[in-house]
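Trainee: Single-letter residue listing:
Number of protein chains: 2
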Amino acid sequence: MSGIEKLNHVAVVVADIEAALAFWRDALGLELAGVKDMPEQKSRIAFLPLGGSELELVQPTDPDSGIAKNLAKRGPGMHHLCLEVRDLDATIGRLKGKGIRLTSEAPMTAADGRRMIFVHPESTGGVLLELYEGGEFAETP
Amino acid sequence: MSGIEKLNHVAVVVADIEAALAFWRDALGLELAGVKDMPEQKSRIAFLPLGGSELELVQPTDPDSGIAKNLAKRGPGMHHLCLEVRDLDATIGRLKGKGIRLTSEAPMTAADGRRMIFVHPESTGGVLLELYEGGEFAETP
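Residue numbers (my numbering), protein chains in the order written: chain A, 1 to 141; chain B, 1 to 141.
To be clear, the hints were calculated from the coordinates, so they are not data collected in a lab. It cannot be assumed that every hint is accurate.
Since the list can't tell identical chains apart, any single copy or any two copies may satisfy a pair.
[As the list claims (entries may be wrong)] Here are the simulated lysine to aspartate or glutamate pairs, DMTMM-like style, with alpha carbons at most 20 Å apart:
id, residue 1, residue 2
1, K73, E122
2, K36, D112
3, K42, D16
4, K96, D26
5, K96, E122
6, K98, E18
7, K98, D16
8, K42, D112
9, K98, E31
10, K42, E56
11, K73, D62
12, K98, D26
Kindly generate the complete structure, drawing on both the sequences and the hints.
Mentor: Next up, the structure:
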């Protein structure tokens with residue numbers, strides 16, 4: 001029992017959300033749930049639900065942010081995966097016990113109060129991995 | 001109605017499946033459904049279910065394959081997204097009508113008979129996107 005049961009979202013970093021929506025929404029036909037300014041993340045994010053998961057298009061709004069530098073260096077494309085975790089503290093304890101590298105010592109708290117932490121790509125095989133606490137699990141007791 | 005309703009899988013290219021499983025299976029605790037040799041894709045693939053979606057770890061087995069060259073050039077990490085499409089021909093027609101660039105003129109057929117096509121990253125905002133026909137849709141009439 002891992003307590004990890006769902007892919008919450010895939011984040012794609014883009015230079016221009018409107019240009020990216022011309023493909024994902026207008027040509028492919030995905031629904032756009034909304035576009036939100038996220039000043040604390042120095043980005044604007046478009047949310048496109050995909051079954052129980054979500055595609056997020058992330059446009060950096062500050063050229064000095066980590067995600068803007070990533071875009072400048074590697075070009076647009078997939079940026080991170082986010083999995084929903086039932087008990088973030090237990091997961092962090094297990095990962096630290098196995099020597100897995102996290103990008104911060106303790107979890108961060110999102111604007112909506114949910115907690116998250118990132119696993120460093122060095123430990124995952126090249127994937128920046130967000131672990132996000134909460135969500136609706138089908139088999140909640 | 002896009003006919004696209006589900007994220008089928010996220011594919012991650014890795015140099016060594018066993019090393020990657022040390023994180024995804026052993027540390028994080030995901031279930032490993034199996035590892036399969038896919039000679040027609042010049043790779044070995046580990047399948048890790050994630051709710052209704054899946055994580056695939058892809059290890060190239062031929063240094064001359066496209067995916068091996070991608071690994072050598074960009075390092076390990078996310079390689080492509082795959083969405084399930086209800087009617088692939090209708091989707092291809094719509095995308096071609098909008099000037100979207102596909103990586104082949106016609107769909108390919110997988111070993112299991114399912115059909116797929118790839119959308120070029122140039123048209124998506126940097127994401128290599130697989131469109132895969134079929135799958136179980138909740139609201140099948």
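Trainee: Each of the hints needs a verdict: does it hold here or not?
Mentor: Hints and how they fare:
1. Proximity of K73 to E122 under the C-alpha cut-off of 20 Å is found in both arrangements, the shortest distances being 18 Å within a copy and 17 Å between copies.
2. In this assembly of identical chains, the alpha carbons of K36 and D112 lie at most 20 Å apart only when taken from the same copy (13 Å versus 41 Å across copies).
3. With identical chains, the CA atoms of K42 and D16 are at most 20 Å apart within one copy only, with a shortest distance of 14 Å there and 35 Å across copies.
4. Proximity of K96 and D26 under a CA criterion of 20 Å is satisfied inter-copy only: 13 Å between copies versus 43 Å inside one chain copy.
5. Taking identical chains as interchangeable, the C-alpha atoms of K96 and E122 lie at most 20 Å apart only when both belong to the same chain, with a minimum of 14 Å there against 39 Å between chains.
6. In the homo-oligomer, the alpha carbons of K98 and E18 lie at most 20 Å apart only across protomers (16 Å), although the nearest pairing inside one protomer, at 42 Å, exceeds that limit.
7. Taking the shortest Cα distances, K98 and D16 sit within 20 Å of each other only across copies (19 Å), while inside one copy they are farther apart (39 Å).
8. Proximity of K42 and D112 under a CA criterion of 20 Å is satisfied intra-copy only: 16 Å inside one chain copy versus 44 Å between copies.
9. For the homomeric pair K98 and E31, the shortest alpha-carbon distance between copies (17 Å) is at most 20 Å, but the shortest distance inside one copy (40 Å) is not.
10. For the identical chains of this complex, K42 and E56 are intra-copy neighbours only, at 15 Å inside a copy versus 31 Å across copies, given an alpha-carbon limit of 20 Å.
11. Taking identical chains as interchangeable, the C-alpha atoms of K73 and D62 lie at most 20 Å apart only when both belong to the same chain, with a minimum of 15 Å there against 28 Å between chains.
12. Taking the shortest Cα distances, K98 and D26 sit within 20 Å of each other only across copies (9 Å), while inside one copy they are farther apart (44 Å).
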